[in-house]
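Chains as they are written, first to last, in our numbering: chain A, 1 to 356; chain B, 1 to 356; chain C, 1 to 356; chain D, 1 to 356.
None of these hints come from the bench; they were simulated from the model.
Think of the CB as a built atom: it goes at the ideal place given N, C-alpha and C, for glycine as much as any other residue.
Fair warning: there could be bad hints in the mix.
Where chain C lies over chain B, by a calculated footprint (3+ residues, C-beta under 8 Å) [claimed, not checked]: (1) 56-66; (2) 136-148; (3) 302-312.
Cβ pair distances, simulated, as ranges [as the list claims (entries may be wrong)]: (4) ASP147(B) x LYS60(C): 26 to 34 Å; (5) GLY194(B) x LYS295(D): 42 to 50 Å; (6) ARG6(C) x LYS217(A): 53 to 61 Å; (7) LEU356(D) x ARG149(A): 28 to 36 Å; (8) GLN152(A) x THR65(D): 42 to 50 Å; (9) PRO86(D) x GLY284(A): 38 to 46 Å; (10) ARG318(A) x GLY194(B): 24 to 32 Å; (11) GLY233(A) x SER268(B): 27 to 35 Å; (12) GLN46(C) x ALA116(B): 48 to 56 Å; (13) GLU350(C) x SER268(B): 33 to 41 Å; (14) ASP200(C) x LYS217(A): 56 to 64 Å; (15) GLU126(D) x ALA273(C): 26 to 34 Å.
There are 4 protein chains.
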Amino acid sequence: MKPEQRKCKTAIVGASGYSGEELVRLLLNHPYAELTTITSRQYAGQPLSRIFSKFGNHPKARGLTFSEPVPDLIAREAEVAVLALPHGVASEVAVPLLERGCRIIDLSADFRLRAASTYADFYGHEHPAPALLAKAVYGLPEVYRDDIRKAQLVASPGCYPTSILLPLIPLLKAKLIEPNSIIADSLSGVSGAGRKAELDYLFVDCNESVRPYGIPKHRHLSEIEQELSLAAGENIVIQFTPHLVPINRGILTTLYVKPVQNGLGEKSANPAAQVAECLSQSYGNEPFIRLLTDKALPDTKNVVGSNMIEIACRFDPRTGRLLIMSAIDNLVKGASGQAIQSLNLMYGYEETAGLL
Amino acid sequence: MKPEQRKCKTAIVGASGYSGEELVRLLLNHPYAELTTITSRQYAGQPLSRIFSKFGNHPKARGLTFSEPVPDLIAREAEVAVLALPHGVASEVAVPLLERGCRIIDLSADFRLRAASTYADFYGHEHPAPALLAKAVYGLPEVYRDDIRKAQLVASPGCYPTSILLPLIPLLKAKLIEPNSIIADSLSGVSGAGRKAELDYLFVDCNESVRPYGIPKHRHLSEIEQELSLAAGENIVIQFTPHLVPINRGILTTLYVKPVQNGLGEKSANPAAQVAECLSQSYGNEPFIRLLTDKALPDTKNVVGSNMIEIACRFDPRTGRLLIMSAIDNLVKGASGQAIQSLNLMYGYEETAGLL
Amino acid sequence: MKPEQRKCKTAIVGASGYSGEELVRLLLNHPYAELTTITSRQYAGQPLSRIFSKFGNHPKARGLTFSEPVPDLIAREAEVAVLALPHGVASEVAVPLLERGCRIIDLSADFRLRAASTYADFYGHEHPAPALLAKAVYGLPEVYRDDIRKAQLVASPGCYPTSILLPLIPLLKAKLIEPNSIIADSLSGVSGAGRKAELDYLFVDCNESVRPYGIPKHRHLSEIEQELSLAAGENIVIQFTPHLVPINRGILTTLYVKPVQNGLGEKSANPAAQVAECLSQSYGNEPFIRLLTDKALPDTKNVVGSNMIEIACRFDPRTGRLLIMSAIDNLVKGASGQAIQSLNLMYGYEETAGLL
Amino acid sequence: MKPEQRKCKTAIVGASGYSGEELVRLLLNHPYAELTTITSRQYAGQPLSRIFSKFGNHPKARGLTFSEPVPDLIAREAEVAVLALPHGVASEVAVPLLERGCRIIDLSADFRLRAASTYADFYGHEHPAPALLAKAVYGLPEVYRDDIRKAQLVASPGCYPTSILLPLIPLLKAKLIEPNSIIADSLSGVSGAGRKAELDYLFVDCNESVRPYGIPKHRHLSEIEQELSLAAGENIVIQFTPHLVPINRGILTTLYVKPVQNGLGEKSANPAAQVAECLSQSYGNEPFIRLLTDKALPDTKNVVGSNMIEIACRFDPRTGRLLIMSAIDNLVKGASGQAIQSLNLMYGYEETAGLL
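All chains, please: the whole structure from these sequences, using the hints.
Structure below.
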């Protein structure tokens, strides 16, 4: 840790949802970022500790009170704002904040897509600020590290996309897998649905229940396919099936892909070793990527509360398919932790600051 | 109900595991079967109600005491024995019981395969009684109903196989899907692992955890591929990935398959409708198959405690794949309930007796 | 079972909450009651199977469609109505139904108290139909069996009260415990809160959480103290602390009481044996009361899905206190099952019909 | 943080149970303590990351390998050893380590009692090292802070005792509650049972289950009553009922006590305010005690993962009793976190080092 680091004044806009609450936790314990502002329409005027008693006697939490998300106020108190708002709402706040000189890390889907038309196709309405799409950087540090450092506007990836993109991007770049063979079967904890008072997410309706949902055209497909296509250098369409499972946090993704044949139409004798080698070369020094070896397989309980992704790979000689599995905490590496990772890059801090 | 039905005297051999306990529950409430014998090496000599207090004041449970699994004793007290024993152990009991004239419904894997060599390949040791394989009937009533009626030895299917075979067999018979495109991604509750004192299945190690296991060559593949191949009329190899999820009971299976092209290489415009029509024709009158319509998708909580399987289908026009999803209670339709369904057929009772 | 029994036409008013859904389950499987009517403002006009797919292919569920709770309609189709409505709303429906000749079993708190003033004290508003209070019978079959048989209006007990009253009433009648020493510490599953879309009952906010609530003056105290006072022949005030625990169903109550001294100020040498003897004499033939012996202690998992209450007792010689523990399924013995038990009494069926 | 602090070399003896694993987590992230040694008979010779993949790429975890618990080895590598061993086993290791000059923080019950006879009474065998009892300091920092600083041997409190003692000790010292009125009703997560491969703690047998156990004479009573008696200046006997609830971590304790009358036999008009005032004076500056105000009540989910205890109090004017409720994480404030808090005191670090 370098105590001489300059503090960056940070606001959380939308601090009362699950991701917002997790941002509060992470930023209160960050060595350099200073949490100056937390907003919530619902709780404006109330102290943080009344709404979240768990922060009640944190030394840095005293004096933090929810305010209305007023751009002038936020821009006066903070140089960087992390937005944990629903899509569509985020851009309404991002535009005036950018105009006032704030840097933005947005957890919503508003700035993740390069093409406004794709946004309209998947989200069902016109993009509210298409001019900003070209400025936004997709906030996957392992892929866009240098761009994030300089970004004014970071579009932090969705939770499912993070669990799918990190394992696949190096393999597509290295042309080890067939681009159009990809099936992603994902299991998500209930916090992925957000803190919404809906019958579907009541304890009794989720506990002792496992179910698919949102098929076959989940909104996250748009950013997944955009980023996979960029990695592959060709247009990719994938199969993606999300399921809801009764855990608070975590995403477990099982990917089914086919290894490429070489120019002679021959298959590799050991595609799993090729994949492991490729991932190791790409990610061997990444602080938040854990490549499992031996018999270990990903398990959400090994990543919960951390910014880590676990990845393992197996080849099935009976079918000729590769199975690649990953596990993340949807609220940390899949949302708030990854956002802090970007913030660390943007302000020149160690990338792991506040995240280990 | 037909009170004039002849009672069949029934034994449960291995009544202290999860499936055995569920057999007790079902048989105590069965209108015709009379539970005369329950065995357990571990609890021999102890009353049922001391081990499972929940049966403590069931009118039919009084007097039931666990005994050692002695063939002479079982055969004297019962005409049919349901075996809920580990594979390998079941055949040791089945052979002498068959010799003494008992009919057998076996919940283990011992008699599910037609070829002893496949058993050796998947279970790692020679089959202990290969001569019996030709006599055994695979106890999937919706497929082998007539054979079960006359069987002396029913090999009741595994839980994963039940969730995979019921949706797929009619589609393969009707040649609606490509036989070698099948991927089965399954999520199982923890009771699927059996009542075993192992660290992997402790509450703390399963709760808030989701994880794949047993890949890529799970033992259940052997019976799945055998039955799918018989339905298709050709040899089938599938991809199968089981996962453990923190629920007590239930299996949710998501199947990825490709619709066949017609003779002209054309694809159906609406493969999901074709699948729905095929399943409806095959299963429209089945009492334990619920074909979901409209927006409904399978959910384990809708089948827990019942002998039902829920099935739904979607076509993804973006990828050209069909998604077929099913949900069962692994201990009922996936084990003990299906065994009772076979028993009902074997003794001429209504197929739903004791199961609604 | 006596197939010659006359069927009673039965309505469920408010069939979309947890208790209503459980009533549907129980009545669909009841040998004599015929479910003719189900109402739900929210789902009026929709088939039962569209809202609860789990009833989708139940033979008796076909044709059941939710209707508006219109008294004329209900009274035309049913002779008895089970009301699963919020307190305050139930009496609005009960009054016109009684006028039209229907018998009523009410699951709400509206008719449980004998004094309208107590209702006003605990529920915060005047009782809506005080004249009916004298007609209502408190629907605890083990205590008021004969009155229930003849009742026009049964006020079915609350879930916490059932778990507290059944163990204590015989002991107070027999003057074995000090009336004003009672502490009841209860743990309830989340379905006890009803199917309400509120943040407090979301999966993420209940899972991995244990918490007290509603202290120190929970509404259920009013009926608990009323019935305990009647049993003791004197006015009783108790301590009652409910807690929410992450299970779907079940209440576990731990009662702390002091054994009485005899006329000479002497304590019994073995108060636990006295309690066991008293409970055995009172309840030895009760079909739904399981008195645990030896080392067994109540466990909610042993009663879930059944109409059973488990009771055990221990004496602590170090403190001189008795510990009495009970377990029920809050939706069955604590609500819908107990209501069916009353219905069986009202129509002369075996008391266990549809409940074993 | 003070980087100039001297590092203390630390060993964890018994690092493969739940408390041991939590000690690893906390010590890997501690700014001053240096984890040099981890022992486990079961896993000796294996790298930490193979057994607990979640520590797999922690920068400080590389090179850590489980060793046999050999005193010479431990004493050579570490100046302080934290023992996470079963009772009885801990003293076998503690004695030789103390002889070799190590300071000891013991998580077992071996050194918590002042009288060897009480140990024999509650643990069923003679104390293995009675001479050490006089040297041991009970490791409750809020009560014995100064003694802990100088201690060679700290006996870290049990989880239940921590949840009961912290709220009650100041009240007994201030003579605000009647010493012999205390009832403690506690709910514990399953990790409290330790990582033991026993049927009782399997997922299926704990999930959807709530049950009392270990009554009426739980072993923890011995240390609870010892410390309460010391605070009160008189001999105290309490009622204590532990329950198992399906959460991984956490203890929720509900205490029932009577406020004292003053010398005139008069009761305070507002005992809850008196209690709040007393707790505030005692604990107002404690970093790990959160005194809840307004309507807030303790909830295990607000303390999980932290070294915090939440406490709230209510007075029930109907019964004249006080209800005091507390929540802790049994593995942190109830075990490993509290041990680190002691270590911080023993080595002159900020008391919160590595715990915020």
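Status of the hints after comparison with the structure:
1. 56-66: It holds, with 4 qualifying residues against the three required.
2. 136-148: violated (count 0)
3. 302-312: holds (count 6)
4. ASP147(B) x LYS60(C): 26 to 34 Å: 31 Å, holds
5. GLY194(B) x LYS295(D): 42 to 50 Å: 46 Å, holds
6. ARG6(C) x LYS217(A): 53 to 61 Å: 54 Å, holds
7. LEU356(D) x ARG149(A): 28 to 36 Å: 29 Å, holds
8. GLN152(A) x THR65(D): 42 to 50 Å: 47 Å, holds
9. PRO86(D) x GLY284(A): 38 to 46 Å: Roughly 40 Å apart at Cβ, these two residues keep to the hinted range, so it holds.
10. ARG318(A) x GLY194(B): 24 to 32 Å: Distance hint for ARG318(A), GLY194(B) holds at roughly 26 Å.
11. GLY233(A) x SER268(B): 27 to 35 Å: At roughly 33 Å between Cβ atoms, SER268(B) and GLY233(A) fall inside 27 to 35 Å, so the hint holds.
12. GLN46(C) x ALA116(B): 48 to 56 Å: 54 Å, holds
13. GLU350(C) x SER268(B): 33 to 41 Å: For SER268(B) against GLU350(C), whose Cβ atoms are near 55 Å apart, the range 33 to 41 Å is violated.
14. ASP200(C) x LYS217(A): 56 to 64 Å: For LYS217(A) against ASP200(C), whose Cβ atoms are near 33 Å apart, the range 56 to 64 Å is violated.
15. GLU126(D) x ALA273(C): 26 to 34 Å: 33 Å, holds
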